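Since chain A is already given, all that's left is putting chains B and C on it; use the hints.
Chains as they are written, first to last, in this note's numbering: chain A, 1 to 306; chain B, 1001 to 1443; chain C, 2001 to 2324.
In case anyone wonders, no lab produced these hints; they're calculated from the structure.
Keep in mind the model is a prediction, meaning the values are calculated, not measured.
Mixed in with the good hints, there may be bad ones.
List of simulated lysine-lysine pairs, DSSO-like, C-alpha gap at most 27 Å [what the hints assert, rightly or not]:
1. C:Lys2061 to B:Lys1205
2. B:Lys1133 to B:Lys1373
3. A:Lys217 to C:Lys2009
4. A:Lys60 to B:Lys1437
5. B:Lys1073 to B:Lys1036
6. B:Lys1054 to C:Lys2113
7. B:Lys1343 to B:Lys1076
8. B:Lys1373 to B:Lys1147
9. A:Lys86 to B:Lys1432
10. A:Lys86 to B:Lys1436
11. A:Lys24 to C:Lys2221
12. A:Lys60 to B:Lys1342
13. A:Lys86 to B:Lys1408
14. A:Lys74 to B:Lys1437
15. C:Lys2147 to A:Lys25
16. A:Lys115 to C:Lys2009
17. A:Lys115 to C:Lys2012
18. A:Lys25 to C:Lys2229
19. C:Lys2113 to B:Lys1057
20. B:Lys1342 to B:Lys1076
21. B:Lys1351 to B:Lys1066
22. A:Lys24 to C:Lys2147
23. B:Lys1305 to C:Lys2061
24. B:Lys1147 to A:Lys60
25. A:Lys74 to B:Lys1436
Chain A residues, not near chain B, derived (Cβ > 10 Å throughout) [unchecked claim]:
26. Thr222
27. Leu226
28. Arg300
We treat Cβ as the ideally placed atom computed from N, Cα and C, and that holds for glycine.
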Amino acid sequence: MKPVQQTSNSVVIERKPSILSQIKKNLPAYLFLLPKLILFIAFIAIPVVWAFILSFQEYKIFGSEWAGFDNYIKVFQSEAFYIALKNTFLFTVVTVPFNVVSALIIASLIYPLGKLSQSFFRAAFYLPTVTSMVIVAMVWRWMYNTDFGIFNYILGWFGVDSINWLGQSSSALWALIIMQCLIPFGVGIILYLASMGSISESLYEAATIDGANGIQKWIHITLPLLKPSTLYLVLLSTIGSFQVFTQIIMMTGGGPGSATETLVHLIYKTGFRDFEFGLAAAQSVVLFFIILLFSVIQFRVLKYDE
Amino acid sequence: MKKSVKFISLLLAIVLFLAACSSKSNDEKASGDTEKEWTGTITIWDGPRWPDDKDNKFHWMDSKIKEFEAEHKGVKVELVQVPWAELPDKLGVSIAGQSWPDIAPVDISGSAVSVDHIDQGVIESVDDLFTKKELEDFYPNALDAYKFDGKLYGVPNSMTVHSMLLNLDLFKERGVEPPKNGEWTWDEFLAAAEKLTFDRDGDGKTDVFGFSTYIMPGYYEAWPFFYMNGGSPLNKDMTKFTFSDEKAVKAIQQLADLKLKDKVSPETSGGQDVGGTFQAWANAEQRTVAMQPWATWAIGAAQGKYPTNFAVANYPTGDSGKPVTIGGVGGWTMFKQEEAGKKKVVGEFIKYISSTEEQYTMATEYGTFPALKSAADKDPYKDNPEMARAQEMSSQVVMLPRHPEWKKIDEAIQSELQLVFNGEKTAKDAMKDAEKKVNEILK
Amino acid sequence: MQNSRSIQKLNKTIIYLLLGVFSIVSLLPLYWVFSTSMQLSKYQDEELERPVSYVDSNPPKMYPMGIPEYFEHWGKAREADKNGDTKEEAYHREVMDNIVSDTFSGFTTLFQKNNIGRWFLNSAYIAVVVTIGILLIDSMAGYVLAKKQFPGRNIIFWAIIATMMIPGQVTLVPLFMMVKNLGIMDTHWALIFPDLAMVFGVFLMRQFMYSIPDELLDAAKIDGASEWKTYWKIVLPLARPGLAALGIFTFMSVWNSFLWPIIVLNDANLYTLPVGLKSLQDANLASFKLLMSGAAIAAVPMIIVFIMFQRHFIKGLTLGGVKE
Chain A
1 MKPVQQTSNS
11 VVIERKPSIL
21 SQIKKNLPAY
31 LFLLPKLILF
41 IAFIAIPVVW
51 AFILSFQEYK
61 IFGSEWAGFD
71 NYIKVFQSEA
81 FYIALKNTFL
91 FTVVTVPFNV
101 VSALIIASLI
111 YPLGKLSQSF
121 FRAAFYLPTV
131 TSMVIVAMVW
141 RWMYNTDFGI
151 FNYILGWFGV
161 DSINWLGQSS
171 SALWALIIMQ
181 CLIPFGVGII
191 LYLASMGSIS
201 ESLYEAATID
211 GANGIQKWIH
221 ITLPLLKPST
231 LYLVLLSTIG
241 SFQVFTQIIM
251 MTGGGPGSAT
261 ETLVHLIYKT
271 GFRDFEFGLA
281 AAQSVVLFFI
291 ILLFSVIQFR
301 VLKYDE
Chain B
1001 MKKSVKFISL
1011 LLAIVLFLAA
1021 CSSKSNDEKA
1031 SGDTEKEWTG
1041 TITIWDGPRW
1051 PDDKDNKFHW
1061 MDSKIKEFEA
1071 EHKGVKVELV
1081 QVPWAELPDK
1091 LGVSIAGQSW
1101 PDIAPVDISG
1111 SAVSVDHIDQ
1121 GVIESVDDLF
1131 TKKELEDFYP
1141 NALDAYKFDG
1151 KLYGVPNSMT
1161 VHSMLLNLDL
1171 FKERGVEPPK
1181 NGEWTWDEFL
1191 AAAEKLTFDR
1201 DGDGKTDVFG
1211 FSTYIMPGYY
1221 EAWPFFYMNG
1231 GSPLNKDMTK
1241 FTFSDEKAVK
1251 AIQQLADLKL
1261 KDKVSPETSG
1271 GQDVGGTFQA
1281 WANAEQRTVA
1291 MQPWATWAIG
1301 AAQGKYPTNF
1311 AVANYPTGDS
1321 GKPVTIGGVG
1331 GWTMFKQEEA
1341 GKKKVVGEFI
1351 KYISSTEEQY
1361 TMATEYGTFP
1371 ALKSAADKDP
1381 YKDNPEMARA
1391 QEMSSQVVML
1401 PRHPEWKKID
1411 EAIQSELQLV
1421 FNGEKTAKDA
1431 MKDAEKKVNE
1441 ILK
Chain C
2001 MQNSRSIQKL
2011 NKTIIYLLLG
2021 VFSIVSLLPL
2031 YWVFSTSMQL
2041 SKYQDEELER
2051 PVSYVDSNPP
2061 KMYPMGIPEY
2071 FEHWGKAREA
2081 DKNGDTKEEA
2091 YHREVMDNIV
2101 SDTFSGFTTL
2111 FQKNNIGRWF
2121 LNSAYIAVVV
2131 TIGILLIDSM
2141 AGYVLAKKQF
2151 PGRNIIFWAI
2161 IATMMIPGQV
2171 TLVPLFMMVK
2181 NLGIMDTHWA
2191 LIFPDLAMVF
2201 GVFLMRQFMY
2211 SIPDELLDAA
2221 KIDGASEWKT
2231 YWKIVLPLAR
2241 PGLAALGIFT
2251 FMSVWNSFLW
2261 PIIVLNDANL
2271 YTLPVGLKSL
2281 QDANLASFKL
2291 LMSGAAIAAV
2301 PMIIVFIMFQ
2311 RHFIKGLTLG
2321 GVKE
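Same shape as in the complex, but just chain A:
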């Protein structure tokens, strides 16, 4: 976000007399803004407010009823929600650090290379991210196939018996986690590369004169200066992995049992399979606050400035 200095722009103008003359004077500006504003209000602002309202209602096809906090009570009393929360949490806690750190390492390895190799590797790591998760999930489902998949084939080299990766509770969630870890975090790599490019050479020169070696320079100069990017990436991928959905619906459907049930898949199921829209809205409001909480904690821990 931008710094706060510009918030006071409107104060001076506000003294002026009527709304009408204000609107008239700034009509072009409002007109320019109007299309986005209408779309924004209709398809984002109202639905957000509506979600909160819905979460206090019991949805019926012909006319909903007020339900007070019933939906929220149901959310916190249902075992399914805690299982989904636990799975989502585990997924996030493993994949986010892994993805961010591996992006940092890969970017650091790419950065010193020549221009040509740099753009080659950048493409190699970003390319998988531009393809739809639906496709990625389809091919990974195949790679995890018990009889014909490559993972079991590789295990076969070491004499390990075939694993029913996605079919049993003990391995299904981990199969999804491994998959998420092995899909490169393309955005992260590119951002890190860009941030490294904006670090002034003179800092490194000074360090070289002081006799620092490559790794020391990386730890003492590069890492601290990458902190804002790191924070941004951690936030970004945390939000992303709290919303993990496509893999679930394409690969496991939340099963076996509820071994791979995640929050968004649960919301989807509650809303669009069981049609308990009120409960689904309450679940998503809770998800929102969980994400918010996580973001605030990460902000605190990784501190933006410093």
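Below, chains B and C without anything else, positioned relative to chain A:
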């Protein structure tokens, strides 16, 4: 600051107003007085059926629509093509969003439409569509599937059953005699499965298995096994969960043990891969499983797209001694109609596409059993012994409980069943856990 | 010195080696999509009793087996030609034809027997409409938010930014009802309108418009140009790099979007590619080769877009993410 708040709330009001106005715009306009024939658009959903020579799998419905439109001037029938696998979920979403079609190819068993929807008034009764004599032409069990509280909610047009499909080539290869007339006991079935499990290429690993199936919410291929000792998921008045009874638990454990103990089922059996399971049985390049239970469509697939030398057999019998299977009744359901005139035309169209002629066509072309005796009398399977054998099984059909919350109950049971087949829980423990969840729903 | 240079050389080799391994892991699934989509599915050689599928094989095949088979028969056909054995040659030519048609059978079946051509056009149509719309609407909004002073400006901007933090799932249910109330369920508008409301572009464009010098705009004003003319003739051309980045991101996210389309689309003729692919996977009878052929068809446009506009991708990512 205040002014901008005002400004935004003004805009918000405008948008809300617009949204409210247009919400009515898609409703059908009333078409004058009721004396005149109703004109307007009817929406019908259907899934892909059999292909014509241009590989159009909606050609049957297309041609029916054309004929109907020619007979009823001013009536337009709009077909929405929905893949079968997506249809229940999509229809459910549309119902919840009050944007249902006029007609959809579903029953009221709970996959998309449940008795709860009838209670809420989403489904129209079609009682006045048929005379008493016309109703007598339907098989009673077909009508039962659409009856609730003494009223008829839908028109049956076809029936299906689950049956065991046996790959005869593998039976021959292993010198196993298929069951006489497709009737066998559990022990005979297990003995056959054991003989059919073997290591073909001699590398010390089993390549071909006797049996496999899959477990997934909304699918019941494995379930007749669980009924075989007389068990059932809920008691008669649907107040208690009964799969935790000894009768059902034993049967569930037996089926799971085919993989866990007897090793006559592959590791993937009891998983969620429907397509992969079928391919293992039917695909000429695989054929790694000798016996699988499937719904009727698989017979058509094994006669057409995946030519297989196979036979149809009953599910094996257990302690109850009676063969059991699960079936489905396909048909058309009419959704809430605002106008009497339109309701009449919609009803006429439903009747038009489920006549004796059409049911006979569906039986020969699409591989379902007719729901009308008059269509069955035309003997659609005289050249198709497998379908004829499967049709015999219609008399063994047991109904799944028709509970308003069946979908949730089903999911609770099936997800526990998956754990049994993975060997993570015993059938006893799993059904105890399912009992907790289900009784919560039944309360 | 000699020593340190060789260490450097060694370091470089290790780096390349590591990156090489990583990028293979990264690209393998994508490679597999294409390799499997062109795998032989029912190859029959004279030595084999039954047709063999290289798709469902263990060990998995790492490349389309049709390629070596094709060249093997090509060689044999030429040899037969040399020996004057026309019958033998015709046989090998026929096998070669079969190999080619089997190799591409996934694609031909998809186009002949499934709706994939339609799905492709749907996806393309929606992505293009949304991208053009977003570019216009967001650049207009971004322009005034960056360059104009008017009451309500900051409130609007912060309201828009704040919603960027809210996960999309929160609005799933109400958005569904909104779309239903507007009477656009099961139409492409149900996808286009909510996509046009995405706010990331406003943020990106506003950031970008800041860098346009005020003097240029003032000069236009003095020349008597209208607001629209200034925007169209001066602002837009200057914002071209930003627009390119935004356009690509919009196109990509619309092309790949999944959760919302599976909720609002019923009619198979309206499906977008990802929804269509899911319905293929659900339809049980589709072989894996067919699925991967569909996946390949869906992946190719994005890969082309990425390779063509790589520069803008990076620009867009860094504009959105790096704060000075």
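Verification of the hints:
| no. | hint | result |
| --- | --- | --- |
| 1 | C:Lys2061 to B:Lys1205 | holds, 21 Å |
| 2 | B:Lys1133 to B:Lys1373 | holds, 12 Å |
| 3 | A:Lys217 to C:Lys2009 | holds, 19 Å |
| 4 | A:Lys60 to B:Lys1437 | holds, 23 Å |
| 5 | B:Lys1073 to B:Lys1036 | holds, 12 Å |
| 6 | B:Lys1054 to C:Lys2113 | holds, 9 Å |
| 7 | B:Lys1343 to B:Lys1076 | holds, 14 Å |
| 8 | B:Lys1373 to B:Lys1147 | holds, 18 Å |
| 9 | A:Lys86 to B:Lys1432 | holds, 23 Å |
| 10 | A:Lys86 to B:Lys1436 | holds, 21 Å |
| 11 | A:Lys24 to C:Lys2221 | holds, 18 Å |
| 12 | A:Lys60 to B:Lys1342 | holds, 25 Å |
| 13 | A:Lys86 to B:Lys1408 | holds, 22 Å |
| 14 | A:Lys74 to B:Lys1437 | holds, 14 Å |
| 15 | C:Lys2147 to A:Lys25 | holds, 15 Å |
| 16 | A:Lys115 to C:Lys2009 | holds, 18 Å |
| 17 | A:Lys115 to C:Lys2012 | holds, 15 Å |
| 18 | A:Lys25 to C:Lys2229 | holds, 18 Å |
| 19 | C:Lys2113 to B:Lys1057 | holds, 9 Å |
| 20 | B:Lys1342 to B:Lys1076 | holds, 11 Å |
| 21 | B:Lys1351 to B:Lys1066 | holds, 15 Å |
| 22 | A:Lys24 to C:Lys2147 | holds, 18 Å |
| 23 | B:Lys1305 to C:Lys2061 | holds, 25 Å |
| 24 | B:Lys1147 to A:Lys60 | holds, 24 Å |
| 25 | A:Lys74 to B:Lys1436 | holds, 16 Å |
| 26 | Thr222 | holds, 43 Å |
| 27 | Leu226 | holds, 38 Å |
| 28 | Arg300 | holds, 29 Å |
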